[in-house]
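Use these hints to put chain V onto chain D, whose structure you have.
So the protein sequences, as listed, match chains D and V. Per this note's numbering: the first sequence = residues 1 to 171. Per this note's numbering: the second sequence = residues 172 to 290.
Simulated from the structure, these hints should not be mistaken for lab results. Errors might be hidden in some of the hints.
[Said to hold, decoys possible] No farther apart than 27 Å at their CA atoms in a straight line, the calculated lysine-lysine pairs in the DSSO-like style are these: (1) D:K58 to V:K262; (2) V:K268 to V:K196; (3) D:K87 to V:K201; (4) D:K87 to D:K143.
[As the list claims (entries may be wrong)] Chain V is faced by these chain D residues, among others (derived, beta-carbon under 7 Å): (5) S38; (6) E70; (7) P116; (8) R119.
Every residue, glycine too, gets a C-beta built ideally from N, C-alpha and C.
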Amino acid sequence: MKINSRLNEFVGEDFHEEEVMTPEEPINRSVVVESEPSIVADVCSLVLSELEENGFSKDDVFAVHLALGEAFVNAVEHGNKMAPDKKVTINYSMDSDKVEVSVSDDGEGFNPEVVPDPRCGVNLYRPQGRGLLLIHSYMDVVKFNERGNTIHMVRYRERPRLIEDLSPNHT
Amino acid sequence: MAAIKPRISVEYSENATIVTFTDEKILEEKDIQALQESIMSVVEQSERINLILDFCNVRYLSSAVLGLLIRVSKRICERESQLRLCNINPKLYEIFKITRLNKAFDIYQDVESAVEDLS
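Next comes chain V alone, as it looks inside the complex:
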């Protein structure tokens, strides 16, 4: 049986849930669908969640990943929770700027600053 490689790792801290993408490249639709299911199940675990998405391993993403983030963001909003993104490298941040999604998401330099003033 082929080994299943988890696409995210989840870490629970005192006031935040940190989800780290493990893949360097995220572009295939089936992978993005699997990621969405994984992330949504983390969101659904608590009534309210402070979710941090860590992009430290990601070197490439397609526009479909931006769609995933928007869907996650909408679910977060419905649950009156918070979503923050962090560790987005300059090349990927450029994609957020071009699409103006740098204005739609709370983006932090790193996990520490993303966690800092969470309620």
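The shape of chain D in the complex, shown without the other chains:
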């Protein structure tokens, strides 16, 4: 796996890299980065490159790109309130069925139930507030932890990979 050299500047000691065996074996990664909006592109590139390497469709890649980008910016701006001393942790895993991504900030958390619907009334003309709507629209499962500082997202492969022991000829 190629690691973006710029991202290395922000990756602390907590970077864990699991050895990738084969494309069929699950991948698990954890990255801790500075709470800095400008590294959203690098964070996305890190995850998206592995999605592409592991045969996820263009629609899957687009969806995860969008959701991860929104979740990361939310973590930096709303979770960590732009505090430069805070961190954002991204955990992601992928296998033959799906990709799962969690984004955690160091903030107090929030109640996602109280976020207003940006499609309604005057909200439609507000410049902010659409990130969560897009995350819910593009990911199949979206959950928050109790505190509200971790978002967990799952996207099932558009085209699931058949695994060997499901083939009709396998005894």
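Coordinates of chain V only, in the frame set by chain D:
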């Protein structure tokens, strides 16, 4: 000195100003802020403007870009001008539909149709 890459190109036609985004991906806050400054300065150039935003190069945008469009739209409205969007690919158009902003903006297939019945 690093080369500065312009984020928009501006073309002036008989009855419209066409601003084309040059970046394929628009997601970083500082880039969006720079885009806003560039577009607003184009809007401020004339008392009234028929502004067309061309997305032909854009493959990805974040929700912050939608916020930018809303701010531009409000400034356009204050100046009694017109704003039209065009060349939005199907994947990006889906974002406009999900957020219902396809109802808030005048969206055209291409520049030609966007320019067609401008006053």
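Going through the hints against the structure:
1. D:K58 to V:K262: Holds, because 11 Å separates the two Cα atoms, which is no more than 27 Å.
2. V:K268 to V:K196: 19 Å, holds
3. D:K87 to V:K201: 20 Å, holds
4. D:K87 to D:K143: 20 Å, holds
5. S38: 6 Å, holds
6. E70: 6 Å, holds
7. P116: This hint is violated: P116 (chain D) lies away from chain V, its Cβ roughly 13 Å from the closest one there, beyond 7 Å.
8. R119: R119 (chain D) check passes; min Cβ-Cβ to chain V is 4 Å, inside 7 Å.
In this structure, only the earlier hint numbered 7 is contradicted, and the remaining ones agree with it.
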